[in-house]
Amino acid sequence: MHYLKMRFKEILPYVILFSFAGILNTTIVKAQTGIYFNFGATLEQVFQRDSRMSPLIYSGISYGGIAGLEIDSRRFFEKIDVIYTNGIHDNGEGNSLTFHRFRVVTHAFYKKRQKENQKWYWGFSNQNNYTYRINRGFSNFSEHYEYFTSFGPAAMLRFPFKLGKHRFSWEGTSQWQVIGFMLRPSFISAIPPGYQAEDVSILDGFFRSLEGFYPGKAWNFGLNTQLTHTLPSGNKLRLSYEFEYYKLNTTQPVALNNHCFNFQVLTKLR
Amino acid sequence: MKLQSMSWCKRFSKPMFWYIGLIVFVASVSFTSCDKHLLEKNPDDNPIVIFNHLWEDVRIKYSYFELKNIDWDEVWSRYAPRINDRTGTLQLFDILAEMLFELEDGHVNLTSFFDRSRNWEWFQDHPPNFNFNVMERNYLGKDFRITGPFRHQFLDSILYIHYPAFGSTVTENHLEVLLAFANVSKGVILDIRDNGGGSLANARRLASLFSETEQPYGMERIKNGPDINDFTEWEVIQFPGRENGNYKGQVVLLTNRKVFSAGTFFALMMSTLPQVTILGDQTGGGGGIPGFGELPNGWQYRVSVSQTVSLDDEHIELGVMPNIKMDLDLTDEINGIDTYIEAAKDLLQ
Chain A
1 MHYLKMRFKE ILPYVILFSF AGILNTTIVK AQTGIYFNFG ATLEQVFQRD SRMSPLIYSG
61 ISYGGIAGLE IDSRRFFEKI DVIYTNGIHD NGEGNSLTFH RFRVVTHAFY KKRQKENQKW
121 YWGFSNQNNY TYRINRGFSN FSEHYEYFTS FGPAAMLRFP FKLGKHRFSW EGTSQWQVIG
181 FMLRPSFISA IPPGYQAEDV SILDGFFRSL EGFYPGKAWN FGLNTQLTHT LPSGNKLRLS
241 YEFEYYKLNT TQPVALNNHC FNFQVLTKLR
Chain B
1 MKLQSMSWCK RFSKPMFWYI GLIVFVASVS FTSCDKHLLE KNPDDNPIVI FNHLWEDVRI
61 KYSYFELKNI DWDEVWSRYA PRINDRTGTL QLFDILAEML FELEDGHVNL TSFFDRSRNW
121 EWFQDHPPNF NFNVMERNYL GKDFRITGPF RHQFLDSILY IHYPAFGSTV TENHLEVLLA
181 FANVSKGVIL DIRDNGGGSL ANARRLASLF SETEQPYGME RIKNGPDIND FTEWEVIQFP
241 GRENGNYKGQ VVLLTNRKVF SAGTFFALMM STLPQVTILG DQTGGGGGIP GFGELPNGWQ
301 YRVSVSQTVS LDDEHIELGV MPNIKMDLDL TDEINGIDTY IEAAKDLLQ
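Taken in order, these protein sequences are the chains called A and B.
Under our numbering, think of the first position of the first sequence as 1, with each following residue one higher.
Under our numbering, think of the first position of the second sequence as 1, with each following residue one higher.
Excised from the complex, chain A in its bound form (with noise of 0.2 Å):
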């Protein structure tokens, strides 16, 4: 079993390039016009539940940070983030679980020719997520977590007006995830099943532990509105709040749900 989780350390590289492969897609960019980096804080309250350690609820704050880019391109708009918040979270009957979560999240939305004062864009989302519980409570098998990588579509609406002579935007996305993979710890260990056969390769361990995310089996949604103030050097401040939903309907199934808030400084690039 040692081994094992040995083995299990050595794919999480694996496990970060497929998280990255969204982001080739999209930073894959032509005739930029604006390149933003931002970074920030967050702060965000959570509901979960895995049935895989408990029928109860658990809910609590984290904490944590934001970064990534921005493109601004005559035929795109597109957005790479990573965000990374930990916490402690009780079921309110004495228990708590140390949980952490990582996200590499990207849009991509598409612009029309011919429109100057485009509001609605269509485009697609990505999402790569890793979150990882331990139960304080519980001396063995303490472990718990979930990935997936998914694919859907998503909208925004970009509103952008001044108020006196500041300049200001908000914008509305929403994204649905439609089809990708996930993989979930064993019935009871926290090594993932296509490593419980012997003499299992690294690579195809992973492949065998992978199910399918899509409609019905796996649901993953989420909003997200903002307020983006430009100051006169062309950095910009936001303030967004996102509320997200999955559930992953595994042998063992777990939901989560989150209310996070960012505050983010963009620093033009270009």
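Since the hints were made in silico from the structure, they are not lab data.
What you are looking at is a predicted structure, and each value in this text was computed from that prediction instead of being measured.
Here are the simulated DSS-like pairs of lysine-lysine, each with C-alpha atoms no more than 27 Å apart in a straight line: (1) A:LYS247 - B:LYS61; (2) B:LYS248 - B:LYS345; (3) B:LYS61 - A:LYS217; (4) A:LYS119 - A:LYS165; (5) B:LYS186 - B:LYS325; (6) A:LYS217 - B:LYS41; (7) A:LYS247 - B:LYS41; (8) A:LYS162 - A:LYS268; (9) B:LYS345 - B:LYS142.
Here are a few chain A residues that sit away from chain B, every Cβ distance over 12 Å (derived from the structure): (10) PHE76; (11) VAL82; (12) ILE88; (13) TYR132; (14) PHE151; (15) PHE181; (16) PHE207; (17) LEU210.
Heads up, the beta-carbon is just placed ideally off N, CA and C, and yes, glycines get one too.
Use these hints to put chain B onto chain A, whose structure you have.
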């Protein structure tokens, strides 16, 4: 993009209002507790739901139904009629505890804020075979050494080591000290009587003191599905050899029925070494690693979720047998003599 004037709100189209309205609605809901309902609400914590939840969790997770010949469906039929909506909290706890007691497993507990159920028959139904006061006063004496969790003393040039709990961390420095003393002794008596377990890592580290190379000592498998025979494949388990030197002389390991869990695993490890003799009573068992879960009212339970067998395919859930079986002599005990330690000294002289 062309910027809008102050009359920007007039420029919203109908679909935009719907879209913004949706976001505002979700944001509003989020600030109330109602959004919990996007997750299915917590199950009712009425006695019948709690009973069924525990029974079902044990059914899908417990690993020793076959070995112990327990018909869990039959258990349900005896206990379920005793539960109804009016069953009180304490009464419910006692009924659930009684049901879990039937598993005859020291790794099975139900824990609430007011009590912790257990089955301790694995040592309470057997002679204690250990008198701490006799050992401490007549063998450790007053000038023994304390190295981390170990108490040790020379008895007629034999190194006597007492290790009371595998929960106490064993470090390389501790092993280095023990090795230095052991190397100038005629042999080692390692006393783990009443050691109820703790961390398997400590057991592996201590066992490494007596082996030059990595040593297989058994096989284990873990439940990997809800059916009674859903297990992973058997996997060989090993403890490491110690690179910084190990003790090659004779060792007598003293055990009794209160040696449990990591203590039983340690006895199994030591049983694979040719220079080790296990003397005393069989260990209490605890060969299944406990897994934890929660009930709808927040009570926690734990049950064995794995199986461990020796290299000879013998389950260690019921204990590891000694090479030399004996009980403490009551007359000896009255006279301040530890029968086990004396027998071990005779073996090593």
